[in-house]
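Novice: What follows is each chain in one-letter form.
2 protein chains.
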Amino acid sequence: MQAPVRSALKSIVGDAHYRETDGDLVPFSRDATPLFSARPDAVVFPADTQEVSAVVSLATRHGIPVVPRGAGSNLCAATVALHGGIVLSLTRLNRILEIAPAELLARVQPGVTSAALAEEAADQELLWAPDPGSRTVATIGGTIATNAGGLRGLKYGVTRDYVLGLEAVLPTGEVIRTGGRLHKDVAGYDLTRLLTGSEGTLAVITEATLALRPAPRSSGTGVAYFPDLAAAGRAVAAIISGGVLPATLEFLDRPCIDAVEAFAGLGLRSDAGALLLFGDDGEPDAVAHALARMSDACTTQGALEVTRAAHVAEAEALLAARRCALPALSRLGALTILEDATVPRPRIAEMVERIDEIADRHDVTVATFGHAGDGNLHPTCVIGSREDTESIVRAEHAFKDIFTTAVELGGTITGEHGVGAAKLPYLSAQLGPDQIALLRRVKDAFDPAGILNPGKLGS
Amino acid sequence: MQAPVRSALKSIVGDAHYRETDGDLVPFSRDATPLFSARPDAVVFPADTQEVSAVVSLATRHGIPVVPRGAGSNLCAATVALHGGIVLSLTRLNRILEIAPAELLARVQPGVTSAALAEEAADQELLWAPDPGSRTVATIGGTIATNAGGLRGLKYGVTRDYVLGLEAVLPTGEVIRTGGRLHKDVAGYDLTRLLTGSEGTLAVITEATLALRPAPRSSGTGVAYFPDLAAAGRAVAAIISGGVLPATLEFLDRPCIDAVEAFAGLGLRSDAGALLLFGDDGEPDAVAHALARMSDACTTQGALEVTRAAHVAEAEALLAARRCALPALSRLGALTILEDATVPRPRIAEMVERIDEIADRHDVTVATFGHAGDGNLHPTCVIGSREDTESIVRAEHAFKDIFTTAVELGGTITGEHGVGAAKLPYLSAQLGPDQIALLRRVKDAFDPAGILNPGKLGS
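If you read the protein sequences in the order shown, they are chains A and B.
Going by full-length UniProt numbering, the letters in the first sequence line up with residues 1 to 459, in that order.
Going by full-length UniProt numbering, the letters in the second sequence line up with residues 1 to 459, in that order.
Since no wrong hints were added, every one of them can be taken at face value.
Stretch-level coverage of chain A by chain B, calculated; a stretch enters the list once three of its residues show a Cβ under 8 Å from a Cβ in chain B:
| # | segment |
| --- | --- |
| 1 | 191-200 |
| 2 | 210-217 |
| 3 | 276-286 |
| 4 | 365-376 |
| 5 | 408-415 |
| 6 | 446-459 |
It should be emphasised that the hints constitute simulated quantities derived from the structure, not laboratory data.
From the three backbone atoms N, C-alpha and C, an ideal C-beta is built for every residue, glycine too.
Isolated chain A, as found in the complex:
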């Protein structure tokens, strides 16, 4: 970092909150995305909105890239400092400012973790609905910036559905407040939703007003084994066309079942081609009714076995099968590439079949699990060694084909992980050149100097 800039940054955030040694920068050179890394020139830890504004204004004046960052738990290389510059860590803005049960909302700073907010809300019998897999570490800022999804998407939607208002700092330093405390507010363009999912390329989120829901009073969980994914897919269709929108509807394919069983020894059946976890929450009567209908749908569609958890501990054991899918697969190799191609719900079985063909063709191992309720698949490629560049290249080719297939089947290259640096090369194929050009003009409207997270969305 040039001396005058270093000194200006130090005077903004204080010496103790400016870092630039190699040792300091290593943890900020990567995020949770494999295969991407780049060294920033410095990391700063501002204390408040004013310091954030001063940092980005300085960066705009000097044309220095700024990469806003929460926990760095994203899976699309959204927080890798591709062009160097300043990593702007929001972790010191970590206070829950307010929980207002009468308005069913919370006001929080971006560095609060999703899990911390969920716990605080639960203490007041409220639910913070978005539940990305990384929720114990993921910050609210990152959750909003990536419009994170999770296991409850079908019934409860995604992060975007819970963001009521934002305070955000434009790269030119102005502080704006979008939306507010209301579900109904149509005063102006919907910048709240535009910033949600903008992956730190338009503005820096410094405060969020978030919708909470009354906590459900009870929940129930079941598991069904099917001879193959096509049968599981038919069961999902039958459940939803029967009028149930359940809180949980997750599947594992055969390789995932095997990996989970080897990892956790949960007693999963070894002769099934697919496993479907189903569950719902709400009033006890309604949950019992929904579980009964889902069980019936599974049986009617040819399930080998359907079991409903008799109590909470049993339900937790069933959910563990889904929760440990990724760690179980990760154990099989040194490098695990987790993707999130998504297709319309009726095409899940077809998509998984196509994924298997693609994996065979490119000679890579791909196991698939995901959110059956919303077609959000997680094809996961396991590679034995990080030095096995040949396999890595084959995996990249396989994923390229997987993304093309997802778009061909009416889906998307990314359901919930985001574009970041990882998916940017595939975005134009989905959106077309006219929309890509429009995204760039929108980016320019927010960030004329192009300093915010360059090389990502809008670049």
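Since the structure of chain A is provided, determine the placement of chain B on it from the hints.
Specialist: Same frame as chain A, now just chain B:
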């Protein structure tokens, strides 16, 4: 219209779909907003996306304003051709292209009415949730362009929550497709939600993919009378803090009750200060449970009387009290100005008190009804004669104070009607000059020539 432009427009849409006589233009000189009118130079009725693209490209080349229009049922003068030019009527694009029960979605053209979509969906046991008061005439294009709300907002959200994807024509002629068929899709900035609520100022919507829900199997309705609005407000708070998010939670103040009773003779109590309609839908057991809890909450908070409808006809009669609030008030004078200032739910009673004070101060008659569940109020001013300019000016001053108060109480100048030309003068007070400047830059990113609906949002 200049001869070369006229001839070009006729060759795009066909002679039969181009109009410019005074008689033709009168119905397109106003929308449902009182006090606003302006004569366009021509109205065109394109048949498809390509014709829309050709019209706007032509307009961009010649710098001619274009005002996209559905039914013109909006209440914010969003479709008044303030600067003349071309009204682009989307009413010929009126086909439901697809209803896909397995994906819980519909694909429609913008000229389809909200009611027509709701009926088609209901035939397949599906629910099109957004239900603005104008739904029998309002088009889907207008519903999306204004991000319309309705009576079910608390439980079901607003239009924005149901728009999955859009086809839209940029003012420069390019056709983009945003989003798609999926609830989870984070590929690119969220242009779907940015266009939703953009009031025809950014692009012309030519097709929409919309989320449907399983139709609820049953519903229930009740009514409670309270001595005053403060008690009704406490009941609303008790209902929601008790964990119920009901489908219906509507209130009428005393002047509304009187007007409705005089108009419809429904047998409403004449000694109550406020009436609260409550209702829910879903599985029969859950509905019964929710109704019981809401009744109890009303009783506990001092209701004079609580009645639950014993059957559908009785429920319809109760709902009629709310549905005919506006026609009942309209009968009291020649001019009815309906507004939609919105405040956080706990401040409804305070806001209505402030509205009454403001009305007294300006010597105008204001009655207030609205959506208690989401704080969305409809203060309505009735003026005896359209020629009574003094009263109209007093009403305008009163509304200015009402908007200021709404923002002061943490609310918004518009909960569901939109900004249009009617609220644009008040927008800066809510959003601040930096955000207004940003809205203009976003507008420029879509519409460099500034031809789409000038004088509205983004101007």
